[in-house]
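Given next are the chains, with one letter for each unit.
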Amino acid sequence: MNISEPHQAIINDLQQKYPDKVLDVKEHAGATVIVRVNRDVVHDVLETLYNDHHFIYLLQVFGTDRFTSENRFEVIYHIFSLRDQVRIFVKTWLEEDNLVLPTTTDLWKAANWQEREVYDMFGVQFTGHPDLRRMFMPEDFEYYPLRKEFPPLGIPGSIQLPSTTPDTEED
Amino acid sequence: MATDTEFLSRANPTFFKKHQKAYVKSLEDKHTTVEVVSDDPLETKMVLNMGPQHPATHGVLRVLLELDGERIVRNKLDIGYLHRGVEKIAENKTYQEFMPYTDRFDYLSPYSNNVAYCLAVEKIAGIEVPDRALYLRMIGSELARISSHLLWLGTMVMDAGAVSFFIWTFREREKIYSIFDNFAGHRFTVSHSRIGGVASDMSPTAVQMIKDFLDFFKKELERWRSILDRNRIFVDRNMDIGQIDADEAIRVGLTGPALRAAGIPYDIRRVAPYGKYSEMDFEVITRLEGDNLARYYCRMEEMHESVRIIEQCLAKMEKGPIRADNAKKAYPSKDEVYYSMEGMIHDFMMTDTGVCPPEGAECYHSVEAPKGELGFFIQSDGTGHAWRLAIKSPSFANLQGLEYILDGEMVADTVVLIGGMDPVMGDSDK
Amino acid sequence: MLEEYLPILVLVSVAIIVALVFLLLSIFLGPKRPNKWKLSPYESGMDPIGQARERYSVSFYMIAMEFIVFDLEVVFLYPWAVRFTQLGWGTFAAMMIFLVILLIGLIYTFKKGTLDWDAKPLNKPFKS
Amino acid sequence: MGLESALGEGFLTTKLDAVVNWSRANAVWPMPMGLACCAIEMMAFAGPKYDASRFGSEVMRFSPRQSDLMIVAGWCTYKMSHAIRRVWDQMPDPKWCVAMGACASTGGMHRSYGVVQGCDNFLPVDAYISGCPPRPDSLLNALIKIQDKIKKEHTVLLDK
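Chains as they are written, first to last, in the working numbering: chain A, 1 to 171; chain B, 1001 to 1430; chain C, 2001 to 2128; chain D, 3001 to 3160.
Worth flagging that the hints you see were computed from the coordinates, not collected in a lab. Don't be surprised by glycine CBs; every beta carbon is placed ideally from N, CA and C. Treat the hints with care, since some could be wrong.
Derived contacts from chain B toward chain A, CB cut-off under 7 Å, selection only [stated by the list, open to error]:
| hint | residue |
| --- | --- |
| 1 | Gly1085 |
| 2 | Lys1218 |
| 3 | Leu1221 |
| 4 | Tyr1364 |
| 5 | His1385 |
Bound conformation, chain A alone (with noise of 0.2 Å):
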């Protein structure tokens, strides 16, 4: 667990601020620092982040289906501070049954199409997200692709083909 010098500064930093709120601190190969914090104090921690420690630049948000029976889904979301150089990642587990989070597109611009991916892919409801609306998929898609229970081959009639026949009028 060798975290390198200005992670933990902030990690400490944090800490202090959400005294039981950061939950583990993961580390692999000296570079990648991930941090859990709670759930209800994710967007906190993201401001204090933001205003005390620059991290002003958000490079992916991005979610994961851990399919356990509880907590099951994770968004992380990827930061990296300008000024001292530092790039984090803040991770929260998410109950299956309520998947709503606050979203951050009011600290970074970059968060809105982020986040509609996420929502895209595992059904996460970003509150507050100026519209959030499917990123890849077409709106008429009702499943979330990236769940480990959908197929990877797709379900047959979920999306609908255009027709062969163009002089038939379509409904």
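Go by the hints and put chains B, C and D onto chain A.
Okay, now just chains B, C and D, sitting in the frame of chain A:
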């Protein structure tokens, strides 16, 4: 003012009704600061659809523009026309099997995608790569950067009107393709990297071809720059449009040359050097204006830097193994497989289960692809298949920046702005 | 006396006949299979929003009118410009009067602002 | 004997179909439905080295109204299939379609929920090209096959 649901009433979609209605609705309630001057009832808004099948959108990108005369009042991008769920496929493939998919992300520079994916897997599995393989990978990814910037140059200048550039840049790209053909097997989707090293070594003829290409390309690049850099038409066409300052560029999430043109020297080869980039001396090209012309200069000078890097690599590269010989982590070399029993078993084991990173390990590694920072976040569950592979794609971020930049521009400039952002739909649609 | 003009007549008629043949040939030879989507407007693969004849900004119309006026001015200039050395000062003065009148027209349209497209005040989102 | 001998030197008589099909075959204007990596190979096919204008398909028209041969280059997703079908319907009638690359022909390596497994699910395809991406010379080979097919096309009178 035009009533709010005016476009929605005009749009009568015949397929994907919910999607198209929601898309047009989102255009209407998008807040815009471009203030429309004339409020007389005669002045109705025109909705222009730069649809998925369009010569200037560099792939299948749909832009819905609300125009007031020639000025764009609001625009909305719709992507996903090339979405094939590659992250879902990654969960069912072993690490080495997923390698050919990485060529099809940013299909203008497939070599650097391979290198990015291999570095990420090697980082999570903890594999050492011999020096010669690192040099070969750097030469390949810099050549891919030149070929990607060449296609950007050819299509952007052709969109701005000069068709001859497309022919010149493609002539140079064909040379790069023949170089890749010689040392990596195929014209551009090469899948040349392996986990733990590189698939095949570079023959002296390939080295000679690269040297000839570099000598001619340097002079050719100078000639192109002398034509374009102070060309009245090109400069007037690109100056002061799509202007974005550094602070806004960061918040919108731009990456790569588009971000460096706004004045932020964020280049992964300097921020988190990988391979042998820490020993190379090259500058990170940044401009301050942040408009389309600055992005043009950034990319042109980056081609010079790539040429310098390749020359230094060729000088420093010496004989040596091209793949880690640790049988558990990398493919054994072919003659070992044919002539020894263990080699054949290792080869079979590598193909069957492949590299197995530690259970529960999560790791991120990113590479400076020509379009920006291409990163892979891998979560592994101990088996040969990745549990989750998240791709941070540069064109996805740049396209979001494009939506911010297009507001308030003239409709004729959208073509050059899309060219300036250089999006690749295979990369952004994952 | 009209014989000298016979070749011109032959030339013009052959030209017209050849042009018509190429145009009308496809009516007989080309396959005709109209269908609903072939006749609908091309909207780069998507459904068109609104009809093709929507009302659009008046600045286009102003530019078109501008062009016609000054194009006709050039047409009137041609016959004079070809022979103006032999035509003497009288026609020169007349032509100058004609040009001055149109110059006043041009200055008027400049002041009205029909020519500069980005005359509209523009507060781009990043400047505000 | 025949009409030709009566007309003397330098005259050639042929069927109307042969003339019409010959002229159509040697001016096949491609409609580049460039979707993914095959589109880059299609650009190289139209580029200087593998010059497509030697075979009469110089003009890469992006509007369906002026093109005869639609080259579907790249994997077609369900979302894009409607746009491809709409552009195909809007092309004037003697039209042909080439599925370029494994992804257009059979969905290729992308066996996933988003990709239509082969664009012949919704398009009448005349020529399939294997390869991922196929080299430009195999695209030229497909073009020549399409030209042969046009030359042996049915008679013009049936088109009424």
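Results of checking the hints against the structure:
no.: 1; hint: Gly1085; verdict: holds (6 Å)
no.: 2; hint: Lys1218; verdict: violated (33 Å)
no.: 3; hint: Leu1221; verdict: violated (31 Å)
no.: 4; hint: Tyr1364; verdict: holds (5 Å)
no.: 5; hint: His1385; verdict: violated (12 Å)
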